[in-house]
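S.K.: If you want the building blocks of each chain, they are given just below.
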Amino acid sequence: MHEYSVAAELINALLPQAEKIEGKITGVILKKGELRILSDYALVSAFQMLAEGTLFEHAKLVIEQIPVSVSCPSCGYEGYVDHVSDDAFHFIAVPVLTCPRCNSEVDLQTGRELVVDSLTVETSTGTNAD
Amino acid sequence: MHNIHVNGEDILKRQLELAESNRKQLNDNQVTAVSVMGAIGSGKTSLIERMIDRLTEQGLTVGTVAGDSAGDDDHQRFLSRGATSINLNTQDDCHLDAHRVNHAMGHLHIEGLDVLFIENVGNLICPADFPLGTAKEMVVISTTEGDDMVRKHPKIFAQTDILVLNKMDLADAVGVDPERIMADYARINPHGQALQTDARHDIGMDELMEALGFGCTNTQ
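Those protein sequence lines, which keep their order, are chains A and B.
Counting from 1, one number per residue, gives the positions in the first sequence under our numbering.
Counting from 1, one number per residue, gives the positions in the second sequence under our numbering.
Mixed in with the good hints, there may be bad ones.
What the hints assert, rightly or not - Distance ranges between label pairs, derived from CB positions:
no.	chain 1	residue 1	chain 2	residue 2	range
1	A	GLY76	B	ASP169	42 to 48 Å
2	A	GLY79	B	GLU210	33 to 39 Å
3	A	CYS102	B	ASN29	18 to 24 Å
4	B	ASP92	A	SER39	16 to 22 Å
5	A	SER104	B	SER21	27 to 33 Å
6	B	ARG200	A	PRO73	37 to 43 Å
Unchecked claim - Calculated lysine-lysine pairs in the DSSO-like style (CA-CA distance at most 27 Å, straight line):
no.	chain 1	residue 1	chain 2	residue 2
7	A	LYS60	B	LYS136
8	A	LYS60	B	LYS152
9	B	LYS136	A	LYS24
10	A	LYS24	A	LYS60
11	A	LYS32	B	LYS13
12	B	LYS152	B	LYS136
Source of the hints: derived by calculation from the structure; they are not laboratory data.
From the three backbone atoms N, C-alpha and C, an ideal C-beta is built for every residue, glycine too.
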């Protein structure tokens, strides 16, 4: 249960950028690596509570998943991995960190991120404030 | 309505940087550090005690960070075993992080150590998200927790290279099939190493020492 501290860090990190934005921030798009053990539900609730009274109070936190991708030093494969997903694992897709082509050990390329991608902003004129 | 792309820094970047700084400090001082994660009551402390005995016999100096939400029971056990130890109470936090461990390392004077064990708070969820900067990581579970532990916490097992199944002496008594646990782990972590121990009766410890790179004569 560390979603509150993550949500607090997220808001603190974004506030300086939010202050420069003209318009109402209605969304925060967060990309989360598949290997992160963070509850989306708890993150969204923590964000809602902590955002009250800040520039993010009208913003909805949207979480998008970044899948695990790897590179294989043995055969040169680069790409996604296979998942185990059956009744033994309650049909939760568990990424298997092995090369799907030659079964060798792999280097992780993506899957452990927690990165804010973009903010959704509503402006009165509807024009892009970029 | 439009989207503004923001400076995409990782929210937990600070944690990763701190873990890297710990790793460098440990390497510079030639300390082999092991992060010990696992379930509550699985035997993390007992396994470390057995390893302290063996490493001390090899003439090595062992340090420990005893992570717990409260109390100093594990810390006292390590001290009585002859380790240099520091008690790290997280005050209800469910995991250790690299920042706290860095402070602990400072108090321990790691320059005098050969091996450092960092025992995390008993928890199979949060510690996986917070690397500490150790060279090795292991997860401990025990037979008494049931043979569905890997299935219930797949994400930590999918990304940790050493699994220790402890309390093998009690498997029959609690009707648990260790092979089921081993098979589940092999499916989601084909390159991981799974070991079976009975820390109380000092069984399986040589294999664990070897898996962690602690040979019989020297750690180097």
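S.K.: Work down the list of hints and note, for each, if the structure agrees.
M.R.: Hint by hint, here is what the structure shows:
1. A:GLY76 with B:ASP169: 42 to 48 Å: Distance hint for A:GLY76, B:ASP169 holds at roughly 46 Å.
2. A:GLY79 with B:GLU210: 33 to 39 Å: holds (34 Å)
3. A:CYS102 with B:ASN29: 18 to 24 Å: 38 Å Cβ-Cβ, so the 18 to 24 Å window is violated.
4. B:ASP92 with A:SER39: 16 to 22 Å: holds (18 Å)
5. A:SER104 with B:SER21: 27 to 33 Å: Holds, since A:SER104 and B:SER21 (Cβ atoms, about 31 Å apart) stay within the stated range.
6. B:ARG200 with A:PRO73: 37 to 43 Å: Since the Cβ atoms of B:ARG200 and A:PRO73 sit about 40 Å apart, the hinted range of 37 to 43 Å holds.
7. A:LYS60 with B:LYS136: violated (39 Å)
8. A:LYS60 with B:LYS152: violated (30 Å)
9. B:LYS136 with A:LYS24: violated (47 Å)
10. A:LYS24 with A:LYS60: holds (12 Å)
11. A:LYS32 with B:LYS13: Given pair A:LYS32, B:LYS13 holds - Cα atoms ~13 Å apart, limit 27 Å.
12. B:LYS152 with B:LYS136: holds (23 Å)
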